[in-house]
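Just so we're aligned: 137 in the numbering used here is position 136 of the sequence shown, and the numbers increase by one with no gaps anywhere.
Please note: incorrect hints may appear among the correct ones.
Unchecked claim - For lysine-lysine, the following DSSO-like pairs were computed, each having C-alpha atoms within a straight-line distance of at most 27 Å: (1) 144 with 119; (2) 68 with 121; (3) 68 with 144; (4) 121 with 101; (5) 109 with 119; (6) 101 with 152; (7) 70 with 121; (8) 14 with 101; (9) 144 with 101.
As the list claims (entries may be wrong) - Label-pair distances were calculated between CB atoms; the ranges are: (10) 113 with 14: 21 to 31 Å; (11) 96 with 119: 15 to 25 Å; (12) 86 with 134: 16 to 26 Å; (13) 109 with 86: 45 to 55 Å; (14) 103 with 151: 13 to 23 Å; (15) 83 with 143: 33 to 43 Å; (16) 150 with 73: 36 to 46 Å; (17) 102 with 15: 40 to 50 Å; (18) 88 with 19: 57 to 67 Å; (19) 19 with 115: 49 to 59 Å; (20) 14 with 162: 15 to 25 Å.
Hints listed in this document are in silico derivations from the structure and should not be mistaken for laboratory results.
C-beta: ideal position from N, C-alpha, C; glycine also.
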Amino acid sequence: MKKHSDGSRHRVKVTDFDDVSKDILMTAISVFRCLIACQLKGINIKLMPSAIKMLLKRTSHVRGELKTKMQSLTRSFFGFRSSDSREVIRQNRDLVESLKEGLSFVFKDWTTKMGIYKTKLLQDGINVMWFANRSDEGIVYNKYFNPMPIKVIALMLTAVSHLSRSYP
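Starting from the given sequences, assemble the full structure and let the hints guide the process.
Rendered as structure tokens:
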């Protein structure tokens, strides 16, 4: 928290810094998002404590953004339906159970369990999260995504697993 001269407090934001620091922080935030996704090690960056605190809050932001982007993809990919109807709720529940069985959701063909880790949902999610436009991290910092880190794939599959279980 930043304390103002009038005694009020607020969270530190990029806009609290001068123009040069803003540019550096925006780049650092973008790189940090890649580091979260890729779990890279050995980078030693010295920043002010308030800037470090702000960057560390981005971890949950990335998870939240991924969950939001994957929600509609997961729903449409597996055919979950929204309804208060008992029949639809039962169908969704049955679908969740079939996806949990043997981790079916990780397969290209989740009914026959063929093509492990080749599901189109995985690629679509990665594209939406990191490669949607030319300013996204996957394009700008492509060296962190080539080859695609196993931890990114695990993060995506964790999101799909969580989201598929959240349908009643």
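Original post:
Which of the stated hints cannot be reconciled with the structure, identified by number in ascending sequence?
Top reply: 8, 9, 10, 12, 13, 16, 20
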